[in-house]
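A.B. asks: Assemble the complex: chain A is given as a structure, and chain B must be docked to it using the hints.
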Amino acid sequence: EAQVTQNPRYLITVTGKKLTVTCSQNMNHEYMSWYRQDPGLGLRQIYYSMNVEVTDKGDVPEGYKVSRKEKRNFPLILESPSPNQTSLYFCASSPLAGGPIRETQYFGPGTRLLVL
Amino acid sequence: GDSVTQMEGPVTLSEEAFLTINCTYTATGYPSLFWYVQYPGEGLQLLLKATKADDKGSNKGFEATYRKETTSFHLEKGSVQVSDSAVYFCALSVTGNQFYFGTGTSLTVIP
Numbered sequence: 001e002a003q004v005t006q007n008p009r010y011l012i013t014v015t016g017k018k019l020t021v022t023c024s025q026n027m028n029h030e031y032m033s034w035y036r037q038d039p040g041l042g043l044r045q046i047y048y049s050m051n052v053e054v055t056d057k058g059d060v061p062e063g064y065k066v067s068r069k070e071k072r073n074f075p076l077i078l079e080s081p082s083p084n085q086t087s088l089y090f091c092a093s094s095p096l097a098g099g100p101i102r103e104t105q106y107f108g109p110g111t112r113l114l115v116l
Numbered sequence: 117g118d119s120v121t122q123m124e125g126p127v128t129l130s131e132e133a134f135l136t137i138n139c140t141y142t143a144t145g146y147p148s149l150f151w152y153v154q155y156p157g158e159g160l161q162l163l164l165k166a167t168k169a170d171d172k173g174s175n176k177g178f179e180a181t182y183r184k185e186t187t188s189f190h191l192e193k194g195s196v197q198v199s200d201s202a203v204y205f206c207a208l209s210v211t212g213n214q215f216y217f218g219t220g221t222s223l224t225v226i227p
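Chains A and B are the protein sequences, given in the same order.
Here the first sequence is numbered in the numbering used here, starting from 1 and rising by one per residue.
Here the second sequence is numbered in the numbering used here, starting from 117 and rising by one per residue.
Think of the hints as simulated: they come from the structure by calculation, not from any bench.
One should not assume that every hint holds.
A short, non-exhaustive set of chain B residues, derived as facing chain A with CB atoms under 8 Å [stated by the list, open to error]: (1) F205; (2) Q214; (3) F215.
For glycine and all other residues, C-beta sits at the position ideal for the given N, C-alpha and C.
Here chain B stands alone, though its shape is the one from the complex:
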């Protein structure tokens, strides 16, 4: 079946450090891939997405590239800020109706 495996946390970084959160997937078809972010006490918000191989999603300094050959969609940011502290979820959907999420990675950025 379809699934997402996400790097376990928690991750703690100093401000301006480089961030990578790994995400790999298994899918029966050709999935769209997503990164969602959840700030404390809130629902999830879409951070970025990619719908086909080699697409790069980007938003707010975050980037992720859809790599079909390695079935990966790793999230990166060159310089994190305290305001980036949140839980990050990788997700996929093949059908556009059913969605599969990873377990989430908690990021804390310290000044």
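Extracted from the complex, chain A is given alone in its bound form:
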């Protein structure tokens, strides 16, 4: 089954304790992206990646890191989480075929993070 998976689905942590949220897709998509969803703010893009070793900042990259060492994986790293990073996080992927096809994103189920 074609899908985007995220782990963990729920996470409670404390301020300053480094954490990684994993994202994996089995559709051989070149493009992957991370978003955070907050009430009243909708989804905001954190980082995106066009392919292996190619990443770029979205609208709200502060406090986050990403890496793209393999095509299927795109982990989101919070080196020193703070309470304002409490949010619902979504990973998404898309084929980079050019044109409208590339812009149809497939979303993972989300990771709910609470930073105390």
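C.D. replies: Then chain B, alone, in the frame of chain A:
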């Protein structure tokens, strides 16, 4: 910068009522426009899209027309069902890499 302004909710409708969710945008170039739907506890799914002015996207009885003159992409459905209860997001992308979403509109359809 690029942005999307979406009608605030929540919206509550009776089954078979007509639905309109307003969406207007600001873009520096020529964006593609999207409507995504999020069912409870799930990720977003693409509902429909339009890539150029006057295009109409449609899916599952939902429609939206890309109006460049009014910078709008309003979502409509003629007769909603209980199963349409979800959160709807309008979104745009100019580059195909960076995406901008609205704040979401929660729809509840009551029998």
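A.B. asks: All hints, please: hold or fail.
C.D. replies: How the hints compare with the structure:
no., hint, result
1, F205, "holds, 6 Å"
2, Q214, "holds, 6 Å"
3, F215, "holds, 6 Å"
Violation of the numbered hints given earlier is absent; every hint is satisfied by the structure.
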